[in-house]
Every structure is written in structure tokens, then in C-alpha cells.
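Put chains A and F on the given structure of chain U with help from the hints.
Protein chains in written order, with my numbering: chain U, 1 to 252; chain A, 253 to 522; chain F, 523 to 814.
Calculated directly from the structure, the hints in this document are not laboratory data. Just so you know, not all the hints are guaranteed correct.
As the list claims (entries may be wrong) - No more than 30 Å apart at the CA atoms, straight line, and that leaves these computed lysine-lysine pairs for BS3-like:
| # | chain 1 | residue 1 | chain 2 | residue 2 |
| --- | --- | --- | --- | --- |
| 1 | U | K167 | U | K182 |
| 2 | A | K365 | F | K723 |
| 3 | F | K718 | A | K359 |
| 4 | A | K365 | F | K718 |
| 5 | F | K718 | A | K322 |
| 6 | F | K718 | A | K363 |
| 7 | F | K718 | U | K6 |
| 8 | F | K758 | F | K595 |
| 9 | F | K723 | A | K363 |
| 10 | F | K723 | A | K322 |
| 11 | A | K322 | A | K359 |
| 12 | F | K723 | A | K359 |
| 13 | F | K723 | A | K350 |
| 14 | A | K378 | A | K481 |
| 15 | F | K596 | F | K551 |
| 16 | F | K723 | A | K378 |
| 17 | F | K758 | U | K217 |
| 18 | A | K269 | F | K634 |
| 19 | F | K634 | A | K359 |
| 20 | U | K167 | U | K141 |
| 21 | U | K6 | F | K634 |
Computed from a predicted structure; not experimentally measured.
Spelled out, the chains give:
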Amino acid sequence: MLARIKNIMVPLSFGVVFLLLWESAVRVFDLKPYFLAAPSKIFEQFTKNTSRIWDATSVSGTNALVGLIIGTILGIAMSFVLSRFSFLNQLITPLAISLNAIPIFVLVAVLNNMYSITSEIPRRFMVTLVVYFIVLVNVAKGLTQVRSTHVELMRSYAASDIEILRKVRVPNAVPYLFTALKVAAPASVITAFVSEYFGGLQNGLGSRITSNIANSKNAAAWAYVLGACLLGLAFYTVSIILESVTRKGETK
Amino acid sequence: MSAVEVIGASKIFNQGKAQQVDALVDVNLTVNQGEFVSLIGPSGCGKSTLLRLIANLLEPTSGSLMVNNKTVSQARLDQDYGMAFQQAGLFDWRTVSKNIELPLELKGWDKEKRAARAAEMLELVKLPEFANLYPWQLSGGMQQRIAIARALAAHPPLLLMDEPFGALDEMTREYMQGELLRICGETATTVVFVTHSIPEAVYLSNRVVVMSPRPGRITSVIDVDLGAKRNEDTRAADGFFRNITAVREALRGTQAEHASANAIRGLEDR
Amino acid sequence: MNFARRVAYRTAMFIVSIFSVVAIWELYKIIGPQDGGKFFGVSVLPRANNTAMPHVSTMLSRYSRPEVRGSDKKIWAVVLSGAWFSLRLSLVGFFLGTTIGVGLAVLMARFKIVQRGLLPYLVMSQTVPLIALAPLVVSWGGKLEIGSFVWPRWLSASILGTFLAFFPIAVGTLRGLSSAPAAAVELMESYAASWKQTLFKLRFPAAVPFMVPAFKLGASGAVVGVVVAEISTGLKGGIGRLIIEYAREATGDPAKVFTAVFGAAALGLVMAGFVAISDVFLMRNRPKESSI
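So here's chain U without its partners, still in its complex pose:
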């Protein structure tokens, strides 16, 4: 119990000290708002514009969510195919790994061109693509990297490939799926967000931040950044909750 309080109190006090330092730095050194806005000003802007920030957040959030769901489903489906055909696996894995090194989101510039200008599809497409590869690589790993003793045991029971898949490979892949989701959920928000920098509809968080800065309303821009952070945290928290719910029955 004491340890738990300590676990919360230490980071909390670090956070409070940080905010206080930030606030006092802005006041003492009289920092210009274009450099750093004071936390109190940001919070003021946040409460004043709550409904507008909420609108922008829901636009970006919907794009992220749609892409996350579709990308996860496609990723899982494809990983089953890959675990069945090792040639395809060898073909796609190096591609997926090298995509990790590439700023893949620049494809939005191309995707925008493939759809009409008012479409949200390119952004969702982009999120899907990013999520797809994260899920694919991880789940495929979970399906193939099973303990050889387990497979040998199943073979000694004369189990079929389908049975081995259901009783060994799939359970083994579940933790990998959640590892992937914990990475993919924040990544989906970030991608949705960055996609807005490429033009198109100006209704999401990313566009609002740029336009507020262009108008020198930096505290307001920070307030939208705060909204973006909350959205990212919400996605991450949900992925953690999902994980703990599905793993509840499992022995530790």
C-alpha cells in the first residue's frame, strides 16, 4: 500500500515541480509567448475553447480509430496467411522492417491525389497502412515463434495443423497482438495528426495548431496540443485496458 502511494506520489511531484518551473520561468524571464506559453494561459485557452477543441479532436480521433480498427483486422488476417506460407513471410518481413526505417507517412502526399480533395479517406488509409504493418510483424512473430516443445507435444498427440494453430499458435500470438496495439494506438493518433499537415480538409487538430500559430495565437495552439496529448493518452489507456481485460483469466 505504502509502495503504491510512493509509486504515484513520486512521478506526481516531479510533474508538479515541472509545471511550476515552467510557469515561473515564463514569468521570471518574461518569455515571449511564441517561445513558451505559460501553463496557466494554456489552461485558460483550453477551458475557453473546449467545444472547438473537442470538435477538432473528434475529427482526428475518428480518423485514427477507423484506421486503427481496419489496420488491425487486416494485419491479423494477413499474419495468418503469412504463418501458413513461409515464402510470403520471407517476402513481406524485410519489406515491413525497412518500412520501419522510412518516414512512411509522406505517402499521404500521394494518397491525397488518389481521392477527391474533401475526402478523409487518404488519412484513414494512411493510418490503416501504419497500423497494418505494426500488427502484421508482431502477430506473425507470435504465430511462428512458438516453443518447439509445445509443437512436438501436439505432434505426439497426432494433432492436426489446425489444432496446433488453435491451441498453440493463437494463444501464443495474443500477447504479441497487444504489444502491437500498445504501439499502434498512439501511432494511429500521431499519423492521423501528421496527415493533416499535407493539406486537404482543415477541421482536425493538426490543421488547427498550424493555423493558430500562423495567427500568432500560441497559447491557443498549445491548448490544441494539450487536446492532442489527451487523445493520444486515451488511445493508449484503452489499449492497456483491453489487454488487462483479455488477460484476466490467464495465470501469471
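Here is chains A and F on its own, set in the frame of chain U:
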């Protein structure tokens, strides 16, 4: 002057809490210069804890410990002992001779002196041709010999060993026991040796210290009367089996507590 | 020998997979709907016509064209210099990120209280789109003055690279520093080694297998940060700016933007290549199992 002096040492983990464990209670032990002493007993009897108290890796809850008439903490600072563990614990990123040089580096020896000593130690453990290989290119037995060479590199008068041959196969193990006796004979090193194996303890030791758990304590000390010179024939001698039986019977007294000791396993096998 | 064969096989597979992507692209152009396809009233399928999806050969042919009519500067040269510019910014970001990341990791390994207080925020910082700060940080450029030092705009882009690079490096290094086996730590204690000696003789060498993958993530993070900063603010000179510019010309010349997109991909691969080389160098004397 005795090599190791343990006077009324106790070690209690989590004192005053629900998970309190009396790892060692009121242990007295004297190890003489040049002596080979084994600590044997079931899991949880505190033999590794006792070794770590002597090494000053743990502080005793009460009592005092001396190594070569110094406090154990001074002995540690002076590198008066070398230590070897069940895992050879060689550093993957250092060559064999650089591994042996590690304690010398920490002592601030210069390069030529270190290299000369490493070469000398490699001769001692009969692996001179492996100086520039990396540990993972060696077999388990060879790695353990390098670990012994490392432990003896600074020529400490005392060697502390925690089940050093526990991970080796039986053939390698017997070979290593012979090598250890030869090396300690040549260097006149005192050894305190923790083991699970009765024949190993008897073959190596002048004295076998039998310990029992809950609370960890010394129940008996058996003098092994096999003489100073031991070789492969010793393993077939009548005296060998007589001593093994003596140790086994002393250990049997600890059996009653064995079952309950299993419950707190894990503390000892850190 | 075996190692060389495996590398050759992987490279071959990589090339085959690139060609498969090209083949799928071209195949879609043949069978896909010219004006996009609708499912349940939502246009999901992209348009397959030459304005939306140019032929791969058309994209490649653009490299040898001049950037603007009448100019003698060819597109390949422009893309190359843009990628080179962004590469330098990414390297600055990466090195700053490495310094901060490794420094934080050492601090957290040394003082448990710092780890307790800081680590939750580091983890949190990765779940929030810190990249949202890009336009803010870039707006410092030219305005912020510290003494006689005027904050250049490009430095803001590098700082964003640092933002995205330092976290994986800090976490990976921390995990690596704590990966030293208990017996090895005990051994160092038995030598009465100081904390600093243990750090340099044991913890850092033991951390290398953890730091290399962290550097890979950090390197790609640095590239992403720099390119996003360039795109969101139109910072001149880099590959991000080129992508935005060429994307605007897409109605007239849809193939042109691909030249810059490929340039960004090459940039990422070059950064990854740097880390891969250091990987081979650092892990050359390590057991082969752990190097995978």
C-alpha cells in the same frame, strides 16, 4: 593466523516483517590457512548467505567476520579473496585474457604487468592457447577454468566458490575437481567451497561443514581423513565411501526440515 | 560464409518484394476503376487513372527532367540535395537524442528516485503526439535569441528529431544497463569496484545488445521528426518541403511528387544503414545468438 574467522554471525532478512527469514543464526567457523572447507546442506540452509557474508557482499545482522585478521570490508577493498560462481560469469565482450585481467585493471595495474599475469594464470589452468578467443567460443568447463584463473589473478590467499561446478556434466566436473586441487596446491590457496554434492565435498575438502535450514545453522563439522594427496584412485578408496557415509548421515539429521525448507526456496537460490 | 549467404538471400527477397509492390500497383491500374470505386456510398477504392496513379516508369522518368521548365537543374539533383539537407538535420537530431537519451538512462540507473519520477512521463511522452509541437518549435526560428546566438530555423527541425529519438534510446539503454547479470554485479562488488568502474566495465558493454535496436528506432524517429517539421512548416531546403511543393503540382504532373517520396524513403534507409554498420561493428565479437 586463521584465514577466515566467523564469530556468532547471524543474518535475518526482512527483520520484523511478515516475510522474516532467519537465513543464518549464530554461526561460528574458523578456516585455517591452506585449508579446503566445503559448506553443504539442503536449499535454504544459508550456505550461500554465509559465503556472501565472508565476501562482504552482505552485511551480518549481528556477529563479526574476519579474513586474514582484517575486517571483511577491508579484505574486500584489498582484494584479499577471489570469487567464483555457478555461472562462470565471464564478460562476453572481453577476450579470455582480458577477462582474467579484469580484477587487475580495477586494482590499477599497468598493461604489461597485467598481460604477464594473465599469461601466467592461463598456464596455471592449462589453457594458454585460448588467450585471444572470446568466452562464448569455449566449452562450459573451459569457461569455469578461466573464471578460476580470474579469481586467482591477483594472487589472493583465499578463494570463495559458490557451486562453481554445479552447471557442468559429471565427467567435466570430476576433471575440474582434480584441477582445482592441483591449482590450490600449487598456489597454497585457502578455499571455502559451497556445494550440493556429497562426493564433491568429500573429495575436495579437509573439512565438510554440514548446515541445516529454518533457521540456517551449522549442525556438524566432519574431518575428512583422506590425507593431503588425492587423485582419481581416491574416488574408489574405502575411506572415500566411509567419509561420504559420514556426511550423508550428518545431512540426514536435516531431512525432517527439508520439506518445509522447500516452501521458502528461491530466497537461497537468488 | 553462411552469414554472407543469408544477407544475400535477404537482399534478394527485398528486391523481389519491391518488384511485387510495383507489379501490384500496375495491376491495379489495369483492373481498378478509373474514377474510384464506392462501397456503401463511400469512395474507398482509389482512382486508377494516370492522374491519380501514374505508371512507375513515368515516376522514374521524372528524375531526368529539369525541375522547372527552362531550368538546367534536374530533379534528381534537387531531390538528392534535399535529402542530403534533411539527412544532416536528422544526424544532428540523432546525436542530440543519443546524448540526452543515454544521459537520462545513466541518471535513472544511478538514482532510483529519478527513474520513479521520470519514467512514467517518458512513457507518456511517447503516447502523445509530441509531433504536434512541430509548428510551435519551428516558429522559434529567427525570433529566439540567446545572447548573440540567434536560433536558426533548421535547428528547430533537428530538435524535433531529438524529441522522437531520445525516448527509445533512453528506454533501451536503461533496460540494457539493468541487464547485467546479478552474478556479474556481485563479482564487481567483490572487487570493491566503484559505481563508475562498474558502469564502464560491466553495465555499458552489457547494454550494447539493447542499445543497438534502440538506436535503430531512434534513427528513424529522428528522420520522422525532421521531415514532419519540414512539412508542417514548409522549412526550405529539405525533402519535406519538396514533397509538399511537388504534391501541389500534382494536378499538372502527378508523377513528380513520387520522386521526392522515394527520396524520403532513401533518407530513412541511409540512416538505418548507418546504425546497421555500427551494429556489425559493435557486435562483431559477441555470441552470434544475441546479435539477431
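For K378/A and K481/A, compute the direct alpha-carbon distance and say whether it is at most 30 Å. 20 Å, holds
Does the alpha-carbon distance linking K723/F and K363/A stay inside the 30 Å limit? 16 Å, holds
Distance restraint between K365/A and K723/F, which requires alpha-carbon spacing of 30 Å or less: 19 Å, holds
Would the pair K634/F and K359/A pass a check requiring their Cα atoms to be no farther apart than 30 Å? 28 Å, holds
With the threshold set at 30 Å, check whether the alpha-carbon distance from K167/U to K182/U stays at or below it. Given that 30 Å is the threshold and the Cα spacing comes to 24 Å, the pair holds.
Between K718/F and K322/A, does the CA-CA distance stay at or below 30 Å? OK: K718/F and K322/A at ~26 Å, within 30 Å.
Measure nothing beyond the straight line between the CA atoms of K723/F and K322/A; if it is 30 Å or shorter, mark the hint as holding. Holds - the C-alpha atoms of K322/A and K723/F are around 28 Å apart, at most 30 Å.
Need the status of pair K6/U, K634/F: alpha-carbon distance at most 30 Å? 12 Å, holds
30 Å Cα cutoff - pair K167/U, K141/U: Holds, at roughly 16 Å.
30 Å limit on alpha-carbon distance, applied to hinted pair K718/F and K6/U: 28 Å, holds
Just to be careful, I want the Cα atoms of K718/F and K363/A compared with a cutoff of 30 Å; is the pair within it? Roughly 20 Å between the alpha carbons, so the hint for K718/F and K363/A holds.
Starting from K758/F, check that the Cα of K595/F is at most 30 Å away, please. Status holds; Cα separation ~17 Å.
Violated hints for the displayed structure: none, as all numbered hints are satisfied.
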